[in-house]
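Starting from the two chains in their separate frames, assemble the complex, guided by the hints.
These protein sequence lines map, in sequence, to chains A and B.
Residues in the first sequence are numbered consecutively from 5, following the working numbering.
Residues in the second sequence are numbered consecutively from 5, following the working numbering.
Calculated directly from the structure, the hints in this document are not laboratory data.
Among these hints, one or two may not hold up.
As the list claims (entries may be wrong) - Dumping the calculated DSBU-like pairs for lysine-lysine here, alpha-carbon to alpha-carbon at most 30 Å: (1) B:Lys121 to B:Lys186; (2) B:Lys176 to B:Lys191; (3) A:Lys41 to A:Lys280; (4) A:Lys283 to B:Lys186; (5) A:Lys44 to A:Lys116; (6) A:Lys41 to B:Lys148; (7) A:Lys35 to A:Lys259; (8) B:Lys121 to A:Lys40; (9) A:Lys14 to B:Lys148; (10) B:Lys148 to A:Lys116; (11) A:Lys116 to B:Lys121.
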Amino acid sequence: MGIREQGYHKWDGQLRAPRFAWLPIFWVGIKMAFRKKYSKALFMATNAPFLAFLGGVYVSTRPELKMFPRIVELLKIDARFFSVFYTNGFLIFMLMMLCLVLFVDLICGDLKSNSFPLYFSRPLDRMDYILGKFSIILFYLLLFTLVPGLLLMIFKFIFTGAISLDPRLLLGILVVPILVSIFFASMTLMVSSLTSNGRYVRIIILLVFIFSNSIAQILKSIFRSPYCELFSVARNIEQMGAYVFNTQPVFSAPKFLSLAIILGLSVLSIFILYKKIGKSEAQIEIGS
Amino acid sequence: MMYLMENIIQLQDISFSYGRGKALDNITLGIANGVVGLMGPNGAGKTTLLKILMGFLNPSVGTGRVLGFDITRERKALRARIGYMPESDCLIPGLDAVSLTAYLGELSGMPRQEAIKRAHEVLYYVGLEEARYRMADTYSTGMKQRLKLAQALVHDPQLLLLDEPTSGMDPKGRKEMLELIKDIAQKESMNIIISSHLLPDVEYTCRQVVILNQGSLVAIHNVDGLSVERFHLYNLKLKGEITPFLDGLKALECAVEVNDRGMYRISIPAAESPRRIFELALKTRVQIRHFEPCRTTLEDTFVTAIGADNGH
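If we strip away everything but chain B, and leave its shape as in the complex, we get (with noise of 0.2 Å):
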């Protein structure tokens, strides 16, 4: 992959491993500005890159560039322009969620003064506003996540690293969640990656995919690229003698699936046109009493490019 001048992240050849078991492996990648998703199965390697990118581990082998800074000798300067949201509980002790925020904006570089100010901004954003005296261990699973997305905006970031910003909230509040990460995104052009499990999450914020799995780099796909090309599926409903119209599909290299409940699903290849399909069933004499374009989810690309990489 070449690398770009306006990556935000240039990784090139990295690998990394725990004692004997590979977490990394040889892994290139440019990533240009705007929302990415971070997918892949338990043990894809997520989490260790997340941490090279943070530069809390050495790659064994690579070099590696975010927002131009080397990711092994300029850490700090690094870090002071990153946010970081972790996915696990995490506060500090006896402090409130203003204190506790301005403190994090102050440990960035921010002057105190202009850290509590900020503090206060970012937690009404986040929709803490009412709870902001509040000690921040007292709060809710979902306060809290919104407190770990203010503390990550303070020192206002040029990237910001999601790590399943939607975990254990509930279906309101995920909502908001992912609305506010949108607007970060829209109206302030920041950069986000969001590392999740949640197909729908990503689906709904992010621009770009990157898959990983067993530690190496799977796909890379456009998620507005996704939606243009789902038309290649069909689901259809056909009355009468299929074996004909099945034979004709198959000679166009159409793949096609019937489910239990006696629905074809038919995908047929982005060059061909679906009125081959309607030809195809007037001269075979085939009924097609019910046609639907069919949506291919990112949970089908997430499924395919796992599938495939493990040779399924």
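Pulled out of the complex, with its shape left as it was, chain A reads as follows (with noise of 0.2 Å):
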């Protein structure tokens, strides 16, 4: 006798809840973004700085090798070596492809599939929501960023046989990973919630990570001022990272107002976010 002719059955068990209400939404996201198409070769191309740069610390640590010793001279593992890890242009060009890729359908999907019936009327509200889609973002842009750069310092001291930790230099490890991750996370996540169609989210992201450095450039040949860098995203970045390092600017202009910059554009984005999902949320369809 099949299941179905035995009619419905009580689920005899306890219904909890629970502290971490997003913590589901985290774990299928991340199985999601794993299974997507070209996401290994997305997550291999992403690794490529941290190979670069392990042969660096590697090279540096073994002056007895003779081997290209101005590059061991600019591999002096020190705060500029982290802040340029960090911030290069190939590492913020693959976690906007990462973006790109893997997550722009993190909302613009829900909002195409008319997923918030299904998650609204579970106990959980528009927070728990966002944290989830957050989540998935952070988890892997931290695991291609933060986690590399811890490593680096590990291998460092494996390298050298030596235990040497300058805390200014470990909290800028830990803190510009996070900074760019949080900055990459929210306005992708924004930029999804904004429509139903994942080509132009993925316009608009294009839009702002890349068109912004043009146009940065495009003034700075005008005013021929360096605070034009300022529109540049990329650019911000990279005066971040010095800015936490405390390293030399990468253009003339206070290292502060990057920072500010960045954080300005997450807050915006996450304050963007919430109004969004909060509207989805009153607003579904029930009934005619």
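Below, the structure is given as structure tokens:
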């Protein structure tokens, strides 16, 4: 006899009020992102800077190799090394690509498939929903920024055989990837919540990250002011890294301004996202 | 209306406005256990009432409790105990039916392993056993309806809100869906509220109907009661001089309608016996060639209630 013939059965378990209601969204999102087409290729490509910098760490800690002495000098493992690692153009580009390929659908896919009635008829509020989606992007971005940064530091200790830790450097190693990841995650989710069309979301993100750079260059060539570089997202991320690691500024403008711009854009994105999801939650269509 | 302790839904003076337009006006309603149909024309306020029951909207005036939980202050606890089947097409992209159902079970507070086990059970129950590993977005309309019912059942809710549950289904699928709803209600005493435009669906599954019109509560009827009262109406075919007969009926306070096929539809007051019709026919020498008790359908009740409310 099939289960169906036996009729409906009561579930004898107990529902629990989860402390982290967003956690199922996180786990499912992690699995779905990993299963996506091109995800593995993207993950490998995003790891390329780590492998290059790991080679640099090894070479710089082996002066006896007498290979590329000038490179060894450049690759001195200090604040500048980590600042360059976290804010190098290739890594930033790959983080943007991860957002474009793996994460743009996180909210716009739900909008397209009309998933909100399913989510919000559960004991979830918009903060749980946003936290769940946010945590998925943060997990992957930190996996390719913070984790390699910490690994580089550990490998440096292994290669040199000595543990010496500068608290300011450690702070930078922890804070910069978190700030960069929060910025990318909030921007991606905010844009994703604006429309149900994934193509538009990709175009908007590309405009923000690539064309902001071009606009900054055009304005700089017109006005010849270093402040014009503040229009570039990539340059602001570099300058923010320089501020946190206390290294030479990337362009001649106060470094804190870039930190303020990155933080401001992140907060603004989260605010818009929160409002948009709240609106969707209230406008769930139930019945005719 | 009095509040009863066993009422699963108790609303007191609930009003809600969208801007200047009043969507619900002073609704006081108590719904006891069982299967209840929520009916009303477009714009009647069914949508808003369901939104308020789910805690999506705060009433501008009034208070309410669903399953004993305050609809404005205990939303999360309330939603954990409600299963909701939306009318519109909705799914979570990139998931097969088992993963989707288990995922939503987890979001309701079920432990992961339990949610997966239960997802298989409810998918079997709704008849998606063969297709449960297929991506949900490849499902037909009927299969999506079943999947929506499965996700609403996965956490074994105390109250099931079904919004147009047979929408877009073929006759066979529709019948099966109604059987499922009836089965759930009868075997497990689950409380169900069905919002539907399809009156036969409501008549087949519901114990009680709540009729809304223009944001107001128009009527609450017991469906069983409707079938008991249905012998007030009779269809008659008459021969002879019928004017004295019709005058006699009017004297008995009977309403008479004649259709274009010459059939008379006579409704007599509940206190009167149909025997009086035959006595009158004998007295006025009218032949009754056809006599048939006529069922007052739910549609009649619905139209009468809405018509009376609109002043027609």
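We went through each hint and held it up to the structure:
1. B:Lys121 to B:Lys186: holds (24 Å)
2. B:Lys176 to B:Lys191: Cα-Cα ~22 Å, so holds.
3. A:Lys41 to A:Lys280: holds (29 Å)
4. A:Lys283 to B:Lys186: violated (36 Å)
5. A:Lys44 to A:Lys116: holds (26 Å)
6. A:Lys41 to B:Lys148: holds (26 Å)
7. A:Lys35 to A:Lys259: Cα-Cα ~38 Å, so violated.
8. B:Lys121 to A:Lys40: holds (26 Å)
9. A:Lys14 to B:Lys148: holds (23 Å)
10. B:Lys148 to A:Lys116: With a Cα-Cα distance of about 16 Å, the restraint between Lys148 of chain B and Lys116 of chain A holds, given a limit of 30 Å.
11. A:Lys116 to B:Lys121: Answer holds: Lys116 of chain A to Lys121 of chain B is near 29 Å, not above 30 Å.
Comparing the model with each earlier hint shows violations of hints 4 and 7; every other hint is respected.
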